[in-house]
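Participant: Chains as they are written, first to last, in this note's numbering: chain B, 1 to 293; chain H, 1 to 405.
Treat each hint with caution, since some may be false.
Claimed, not checked - Simulated restraints, written as ranges between beta carbons of each label pair: (1) B:I260 / H:P321: 47 to 55 Å; (2) H:Q183 / B:L4: 31 to 39 Å; (3) B:G57 / H:G379: 45 to 53 Å; (4) B:F270 / H:N399: 42 to 50 Å; (5) B:F270 / H:A289: 54 to 62 Å; (6) B:F62 / H:A289: 49 to 57 Å; (7) H:T268 / B:G114: 30 to 38 Å; (8) B:L131 / H:A289: 52 to 60 Å; (9) H:T186 / B:G114: 39 to 47 Å.
To be verified - Computed footprint of chain H on chain B, listed as stretches where at least three residues anywhere in the stretch have a Cβ under 8 Å from a Cβ of chain H: (10) 118-125; (11) 204-217; (12) 233-241; (13) 249-261.
For the record, the hints were derived by calculation from the structure and aren't laboratory data. Ideal Cβ placement from N, Cα and C applies to all residues, glycine included.
The residues making up each chain are set out below.
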Amino acid sequence: MKFLSQLISGVSLGSIYSLIALGYTMVYGIAKMLNFAHGDVIMVGAFVVYTACVAGGLSPFFGVLIAVVCCTLLGVVIERLAYKPLRSAASLAVLITAIGVSYFLQNMALLIFGSDTKQFSSVVSLPSVTLADGSLTISGETIVTIVLSLIIMVCLYLFINRSKPGKAMLAVSEDKGAAQLMGINVNAMIALTFAIGSALAAIAGALLCSSYPALSPYTGAMPGIKAFVAAVFGGIGSIPGAMVGGVLLGVIENLSKGYISSQLSDAIVFAVLILVLLIKPTGIMGKKINEKV
Amino acid sequence: MKVKKILALALALVMCFAFAACGDSNTPSDDEGATSEQTTDSNLSFANEGTLKIGGIGPLTGDNAQYGMAVQLGAELAVAEINAAGGINGYEIEFRMEDDVSQEERAVNAYNSLKDWGMQMLMGTVTSTPCKAVSSETEVDNMFLLTPSGSSVDCIEPDTAFRVCFSDPNQGLGAADYIADNQLATKIGVIYNSSDTYSTGIKDKFVEEAAAKGLDVVAEEAFTNDSATDFNAQITNIRAAGAELIFLPIYYTPASLIMSQASAMGYTPLYFGSDGMDGILGMDNIDTALVEGVMYLTPFIESSTDEVTAGFVSAFKAAYPSQLQYMNQFAADAYDAMYIIKAAAEKAGITADMSVSDIGTAMATAMTEITVNGVTGTGITWDASGEPTKEPRVAIIRNGEVAAA
């Protein structure tokens, strides 16, 4: 029963990592850049929900909706102002810009909301489920996180593989130049990617802070890094990879905390990552692309 | 291309000037901010010329800002009172607090800039890890150091370093004794921060004393600063081990997360914390039902009726009506620290023209000879090691209020 409980906690944590990792992996797949500000967009999303629900007195549903809208706009604006001018610049310059945006968002939040940690009110009102005479309790947040993550991933998968804009995004990710020749508006597709990634970040932020209800300007930093690891783990650029990577990372982290050592869990997670990358350098589901000369 | 280069150069120059201007205008205004209450008040009169410059270091921003802000307000309150009553030995006190974000390098930088300002004694630092770093600096200068709340044993290694609060081991000892003597529980789980000396220091002594007192520590679980959000694994293990009480020698932010995750699991043990738990009710939007019944060691309980505490509470309320969330043990420790400095300085006959090193030696001797009745304890005395001797107090949260247990 203890194992099951640890496993469920791991899947719940992993689902949040997956949602965040989707943002990393989509942006990498299409714009070929690591958007390190993604973790902080999550934090912004959580703060918007917090402000709307606690200060504004709105219902959690509208709070999350407003956060999704705000983060979508934020993602597009960041892309337009910070990344688009650097599209032909060296990848290192873009990476540093992303780190800069990350610090900018953290410090803006610090200015507006202060450094005090805020207790986040859960956006989930589903009661927890008690099984096996109370020895196994699954919280409502866990259920909603897992179910919602699954739904989002399926929708995203269908969107990319079935819809026209999705296919256009796929085309841009494979060959920007050729896609443009085919009449695809590359800039619009990249903006769309950022919009979707940031909207997911807002949802991830609300779920993250519902499960772990302490909100500060640095809330997004560590989950952001872990989710980046999850994206690499699963194969960066691959959407199913981000899902698998996220869930695996969460489960490995939680099981090593529960059964090996609560101090060494991060070391174990990263050791597993190194092993995976040694055996399969493109990640679990990453595709190996042969450059034709 | 050339135009661009010239433009870039011009912009860079503009930036340089802007920063330079910032530097120029900031320094004096900082001075004003820190000391305006004391220095620009012309109504105050002092028997002697010159001032005693006391520095303070603590986190005014970042994760532990609540502690640093409280210390700053508590210290400034005491300084204002002491100055209004004629200062120390007839000298006006100037107090200046620097931010260290609870980081070692920042704390040492803050110490150096306070020395440049002319600091003669240090009231700080607020948190343990930076305090260790700063105390090795004060040892070189033989600077007198009185930390209000740095509770790690090695904070006060130098001969001229003292503290107001309990040391970590003494807190672990006090907590285990209290739990055993009041029979709160027999099976105990511990969650501590293995990347924090404060937390591990208390935990080590607690586990040792618990064994001596016949308590059963069924699970010891750790986390680190980098993994301080998800505690489900630790809580599941502690629950499976059958703990009735969880001892939390940690700060309140992770503690609040532990409580909410345990409650989401349907697990409701008793919680007993160290003084890092103080301030949990000050968290924005805290769910008071969640922290109901939480007990912790603290030197300051607002509802206490003793004269010094009541005086401090009413003075604090009058001075900072909009910042009452900072009226906690850290403010009390800092308030006491200033009066302790006053008592020791009067005993030692400190004058404003003494060197930092002479002040340090004289204060260190005087500290072992004084007895102070403060907010954080009655009849507090010190031995040469710098440790205070006072009774531990336990607080309990009832209906969203802190009460004496």
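Participant: Do three or more residues of the region 249-261 of chain B come closer than 8 Å to chain H, measuring C-beta to C-beta?
Facilitator: holds (count 6)
Participant: Return holds or violated for the Cβ distance of H:T268 and B:G114 against the range 30 to 38 Å.
Facilitator: 31 Å Cβ-Cβ, so the 30 to 38 Å window holds.
Participant: Against the range 49 to 57 Å, how does the distance between the Cβ atoms of B:F62 and H:A289 compare: consistent or not?
Facilitator: 25 Å, violated
Participant: Mind checking the hinted window 47 to 55 Å against the Cβ distance between B:I260 and H:P321?
Facilitator: 52 Å, holds
Participant: Taking 8 Å as the C-beta cutoff, is the stated coverage of the region 204-217 of chain B by chain H satisfied by three or more residues?
Facilitator: holds (count 5)
Participant: Quick one: see if chain H covers the region 233-241 of chain B, three-plus residues with Cβ-Cβ under 8 Å.
Facilitator: violated (count 0)
Participant: Hint says 31 to 39 Å; check whether the CB-CB distance for H:Q183 and B:L4 agrees.
Facilitator: Since H:Q183 and B:L4 have Cβ atoms about 34 Å apart, the given range 31 to 39 Å holds.
Participant: Taking the CB of B:G57 and the CB of H:G379, does the distance hold inside 45 to 53 Å?
Facilitator: 50 Å, holds
Participant: Assuming the hint says 42 to 50 Å, is it satisfied by the Cβ distance from B:F270 to H:N399 or not?
Facilitator: Hint holds: Cβ distance 45 Å, inside 42 to 50 Å.
Participant: Verify the coverage statement for the region 118-125 of chain B against chain H, using a C-beta to C-beta distance below 8 Å and requiring 3 or more qualifying residues.
Facilitator: Held - the region 118-125 of chain B has 4 residues with a Cβ nearer than 8 Å to chain H, which meets the minimum of three.
Participant: Please check whether B:L131 and H:A289 have a Cβ separation lying inside 52 to 60 Å.
Facilitator: 24 Å, violated
Participant: Given a hint of 39 to 47 Å, does the C-beta separation of H:T186 and B:G114 actually sit inside it?
Facilitator: Given about 42 Å between the Cβ atoms, the range holds.
Of the numbered hints listed earlier, those contradicted by the structure are 5, 6, 8 and 12.
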